[in-house]
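Q: Could you build all of it, start to finish, from the sequences and the hints given here?
So the protein lines, in turn, are chains A and B. Numbering-wise, the numbering used here puts 16 at position 16 of the first sequence, and it's gapless, one number per residue. Numbering-wise, the numbering used here puts 49 at position 49 of the second sequence, and it's gapless, one number per residue.
Calculated from the structure, these hints are not laboratory results. It cannot be assumed that every hint is accurate.
[To be verified] Simulated pairs of lysine-lysine, BS3-like, Cα-Cα distance not exceeding 25 Å:
(1) B:Lys-100 x B:Lys-69
(2) B:Lys-69 x B:Lys-49
(3) A:Lys-11 x A:Lys-62
(4) B:Lys-100 x A:Lys-71
(5) A:Lys-83 x A:Lys-15
(6) A:Lys-44 x B:Lys-49
(7) A:Lys-62 x A:Lys-44
(8) A:Lys-44 x B:Lys-100
(9) A:Lys-44 x A:Lys-78
(10) A:Lys-15 x A:Lys-62
(11) B:Lys-49 x B:Lys-105
(12) A:Lys-78 x A:Lys-15
(13) A:Lys-78 x A:Lys-11
(14) A:Lys-62 x B:Lys-100
(15) A:Lys-44 x B:Lys-105
(16) A:Lys-83 x A:Lys-62
(17) A:Lys-11 x A:Lys-83
(18) B:Lys-78 x B:Lys-105
(19) B:Lys-105 x A:Lys-11
(20) A:Lys-78 x B:Lys-100
(21) B:Lys-49 x B:Lys-78
(22) B:Lys-105 x A:Lys-83
(23) B:Lys-105 x B:Lys-69
(24) A:Lys-44 x A:Lys-83
Fair warning: this is a prediction, and the values are worked out from it, not measured in the lab.
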Amino acid sequence: EAGVAQSPRYKIIEKRQSVAFWCNPISGHATLYWYQQILGQGPKLLIQFQNNGVVDDSQLPKDRFSAERLKGVDSTLKIQPAKLEDSAVYLCASSLRVVSNEQFFGPGTRLTVL
Amino acid sequence: AQSVTQLDSQVPVFEEAPVELRCNYSSSVSVYLFWYVQYPNQGLQLLLKYLSGSTLVESINGFEAEFNKSQTSFHLRKPSVHISDTAEYFCAVRAQRDDKIIFGKGTRLHILP
Numbered sequence: 001e002a003g004v005a006q007s008p009r010y011k012i013i014e015k016r017q018s019v020a021f022w023c024n025p026i027s028g029h030a031t032l033y034w035y036q037q038i039l040g041q042g043p044k045l046l047i048q049f050q051n052n053g054v055v056d057d058s059q060l061p062k063d064r065f066s067a068e069r070l071k072g073v074d075s076t077l078k079i080q081p082a083k084l085e086d087s088a089v090y091l092c093a094s095s096l097r098v099v100s101n102e103q104f105f106g107p108g109t110r111l112t113v114l
Numbered sequence: 001a002q003s004v005t006q007l008d009s010q011v012p013v014f015e016e017a018p019v020e021l022r023c024n025y026s027s028s029v030s031v032y033l034f035w036y037v038q039y040p041n042q043g044l045q046l047l048l049k050y051l052s053g054s055t056l057v058e059s060i061n062g063f064e065a066e067f068n069k070s071q072t073s074f075h076l077r078k079p080s081v082h083i084s085d086t087a088e089y090f091c092a093v094r095a096q097r098d099d100k101i102i103f104g105k106g107t108r109l110h111i112l113p
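A: If you want it as C-alpha cells, here you go:
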C-alpha cells in the first residue's frame, strides 16, 4: 500500500513570502495530522483533521498558518507571511480513526526561510 | 498534560556493541508509549509500542523497550547495533483517552565503525 505522500520535499523562501505544502494520506485514513519539527526538537502537532473537520488546532499559529482538507482526503498547509522561525520540517501523518494507536508519517517538507 | 524527556541528544556507540536510549515520561493519567525512528531524509516510522500486557515489547529488528511504571521510564535497548541503525530515535507518549501524541526531543544514534 502506498504511504503518505508530501510535496514539495524542499522549499526555500524569503521572509514575508507565502508557501504551501501538500499532503496525500494513506487511502482510507480518516484522520490527518500536520506536525512542525524544528531542528533539534521532536515533532509538534499543529493541526488534526477527522475527515474534513478540525479536531485540534490549539497549537496552530492562526495569524499566519492555515490548513484545509476540503474533501476529507488531501490537505494543504499554508504559511502567509513566513518568518525566519518557521524554518523547520513539516510532517504530515495519517491514521485510520481518531483513537488509533499508530500514525503513519510522510517524508516531510523541509522549509528554509531566509 | 503529558511530557517526555530524552536526556541524551546524541549517543555514540561502536558497531556490535549494546546500546540503551533513555526515555522518561510524565503523566497524571494512563498512557500508551511509543518509540519512533527517523532515518536520514525520511519520515518517522513506528519502531515499537506499549499498549498493555507484557511490559517488555520488541521490534522486528532487534530493539526492545521495557515499560517501568514506578520509574516512569520506557528505555530502548539493543544488544548489538549495526551501522544501519544510524538514525534519530523519538520516544512518545499518548494519553489512553485521546489521540494526541507528545514527542521527546529525540536521540541521535551514531554507530562508530
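Q: Could you run down the list of hints and mark each one as holding or not?
A: Against the structure, the hints come out as follows:
Our distance criterion of 25 Å between C-alpha atoms is met by B:Lys-100 and B:Lys-69, whose separation comes to about 20 Å. A hinted pair counts as satisfied when its Cα atoms are at most 25 Å apart, and B:Lys-69 with B:Lys-49 qualifies at roughly 15 Å. At most 25 Å may separate the alpha-carbon atoms for a hinted pair to count; A:Lys-11 and A:Lys-62 meet this at roughly 21 Å. A distance of roughly 23 Å separates the Cα atoms of B:Lys-100 and A:Lys-71; the hinted pair therefore holds under the 25 Å criterion.
A hinted pair counts as satisfied when its Cα atoms are at most 25 Å apart, and A:Lys-83 with A:Lys-15 qualifies at roughly 5 Å. With a C-alpha separation of about 19 Å, the suggested pairing of A:Lys-44 with B:Lys-49 holds against the 25 Å cut-off. For the hint linking A:Lys-62 to A:Lys-44, the alpha-carbon distance of about 15 Å falls within 25 Å, and the restraint holds. At most 25 Å may separate the alpha-carbon atoms for a hinted pair to count; A:Lys-44 and B:Lys-100 meet this at roughly 10 Å.
Using a Cα cut-off of 25 Å, the hinted pair A:Lys-44 and A:Lys-78 holds, with the two alpha carbons roughly 16 Å apart. The straight-line distance between the Cα atoms of A:Lys-15 and A:Lys-62 is roughly 17 Å, inside the 25 Å bound, and the hint therefore holds. Distance restraint check for B:Lys-49 and B:Lys-105: the Cα-Cα separation of roughly 18 Å lies within the 25 Å cut-off, and the hinted pair is therefore satisfied. With a CA separation close to 14 Å, the supplied pair A:Lys-78 and A:Lys-15 stays within the 25 Å bound.
Straight-line distance between C-alpha atoms of A:Lys-78 and A:Lys-11 comes to about 13 Å, which keeps the hinted pair within the 25 Å bound. The hinted pair formed by A:Lys-62 and B:Lys-100 meets the criterion: a straight-line CA distance of about 19 Å does not exceed 25 Å. About 10 Å separates the Cα atoms of A:Lys-44 and B:Lys-105, which keeps this hinted pair within 25 Å; it holds. Note on A:Lys-83 and A:Lys-62: the hinted pairing holds, with a Cα-Cα distance of about 14 Å set against a maximum of 25 Å.
Among the hinted pairs, A:Lys-11 with A:Lys-83 is consistent with the structure: their alpha-carbon atoms are about 14 Å apart, no more than 25 Å. For the given pair, B:Lys-78 sits about 20 Å from B:Lys-105 by alpha-carbon distance, which is consistent with the 25 Å threshold. The straight-line distance between the Cα atoms of B:Lys-105 and A:Lys-11 is roughly 24 Å, inside the 25 Å bound, and the hint therefore holds. Under the criterion of a C-alpha separation no larger than 25 Å, the hint pairing A:Lys-78 with B:Lys-100 is consistent with the structure, at around 22 Å.
For the suggested pair B:Lys-49 and B:Lys-78, the alpha carbons sit about 15 Å apart, so the restraint of at most 25 Å is met. At roughly 22 Å between alpha-carbon atoms, B:Lys-105 and A:Lys-83 fall within 25 Å of each other, so this suggested pair holds. Our distance criterion of 25 Å between C-alpha atoms is met by B:Lys-105 and B:Lys-69, whose separation comes to about 21 Å. Our distance criterion of 25 Å between C-alpha atoms is met by A:Lys-44 and A:Lys-83, whose separation comes to about 17 Å.
Checked against the numbered hints above, the structure violates none of them.
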